[in-house]
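Undergrad: The chain contents come next:
Protein chains: 2
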Amino acid sequence: MSEFKVIEIKKNILEDNDREAECLRGELKENRTFLLNLMSSPGAGKTTTLVRTIEALKDRLRIGVMEADIDSDVDADTIAKTGVRAVQIHTRGMCHLDADMTRQGLESLGTEDLDLAVLENVGNLVCPAEFDTGAVKNVMILSVPEGDDKPLKYPLMFSICDVLLINKIDVLSYFDFDIDSCVARVRRLNPDIQIIPVSSRTGEGLDAWYDWLYEQVQQWNR
Amino acid sequence: MSEFKVIEIKKNILEDNDREAECLRGELKENRTFLLNLMSSPGAGKTTTLVRTIEALKDRLRIGVMEADIDSDVDADTIAKTGVRAVQIHTRGMCHLDADMTRQGLESLGTEDLDLAVLENVGNLVCPAEFDTGAVKNVMILSVPEGDDKPLKYPLMFSICDVLLINKIDVLSYFDFDIDSCVARVRRLNPDIQIIPVSSRTGEGLDAWYDWLYEQVQQWNR
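Chains as they are written, first to last, in my numbering: chain A, 1 to 222; chain B, 1001 to 1222.
Everything labelled a hint here was simulated from the structure, so no lab data went into it. A couple of the hints might just be wrong.
Keeping only pairs whose Cα atoms sit at most 25 Å apart, straight-line, the calculated SDA-like set for lysine to any residue is [what the hints assert, rightly or not]:
no., chain 1, residue 1, chain 2, residue 2
1, B, Lys-1137, A, Asp-176
2, A, Lys-137, B, Arg-1187
3, A, Lys-81, B, Ser-1181
4, A, Lys-81, B, Asp-1149
5, A, Lys-81, B, Arg-1185
6, B, Lys-1081, A, Asp-178
7, B, Lys-1081, A, Lys-81
8, B, Lys-1081, A, Gly-93
9, A, Lys-81, B, Lys-1137
Simulated restraints, written as ranges between beta carbons of each label pair [claimed, not checked]:
no., chain 1, residue 1, chain 2, residue 2, range
10, B, Asp-1180, A, Cys-23, 33 to 39 Å
11, A, Ile-195, B, Asp-1178, 28 to 34 Å
12, A, Asp-178, B, Gly-1110, 32 to 38 Å
13, A, Glu-204, B, Asp-1178, 50 to 56 Å
14, A, Glu-204, B, Ala-1208, 45 to 51 Å
15, A, Asp-211, B, Gly-1083, 49 to 55 Å
16, A, Tyr-210, B, Asp-1077, 50 to 56 Å
17, A, Arg-222, B, Glu-1204, 52 to 58 Å
We put the CB at the ideal spot given by N, CA and C, even for glycine.
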């Protein structure tokens, strides 16, 4: 049946992709470019967080951004207004980026003069978690309105990330979201993950995120 | 390359699936069971809306629910407390349900005594839009905190749905969400879609949704 076929093919694709991702990471290391893979549900605040992050770090790091979307260029427009280089990747219906698509994006962006390249992945908590893009670190955003039960439902995504930003804490009082329960659920899946509550609208909590990212880029590029 | 392989296989799978979905719909028509496919991003309010809908209609319709998730049984627990029959479908990493998986779910649920079967699909705006589940109607929820630009980014999902519920309008004043812009973007993709602004927390606007659904079930099952 079709279900079986999909799974079989997926296994080969995942193995090919893992090799391709390791190869890409090696090249990035050699070129001293740090690649960050940013993931979340639709509307959790990836672009807003990224604009803030660029504003905070662009005087210290040379930054470029790849915006991946099924369609539309609205996010690349927003990023380009910050003054950093941005490219839009249209996935033509694909629900995630793999290492080969990421490589094509990096080639189009040009990385020789970049300290930090950011991939804003497709808004999706399922598929992007399965494909290593070749990024040095994976970061996800969970926003308060989505609910504190999401680690129970999308465990792979929470397991493979190095940092979780819990975003939209400025509206915490309007939603039933228990940060302690959420943190406990995430830690059960991933004891080493950094968890940083933030509001990308007000800026609250973001300094810890900027510091973490700057330190990581420095370590990788030294 | 792997990208090309995926697309080729996907085309065959989609064609097989379309046939399977039509076949399932024919059987549902014969059995006088209406199948509703409910989709959204993670945390947009599918389960909360469904609980309200069950409470409103369960005296007039015999309802059963299939909860699809990568993992966990939290939603099936919540639905079972309303007193209707519920089954949890674990997709083992799959990001959507196809018609064959939906058929397995319906067989496990048992439909012979049901007027309305609801499939709560995996929280994802990308992949579930590509696979016809065999449902009579597709309904999606977009929640205010996700932003009014989502129709630009996930056009297929907005194109294939019969109803869009714009949820969490009780928190509209805390977010930059322009309902008129959102509606205009959706109508450009799908002129015939019904758009109903609601709050599944307060109940505001839901009567129009209950009326639409009840009428659809009556028409299908007559």
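Undergrad: Any hints this thing doesn't respect? Which numbers, in order?
TA: 1, 2, 7, 8, 9, 10, 13, 14, 16
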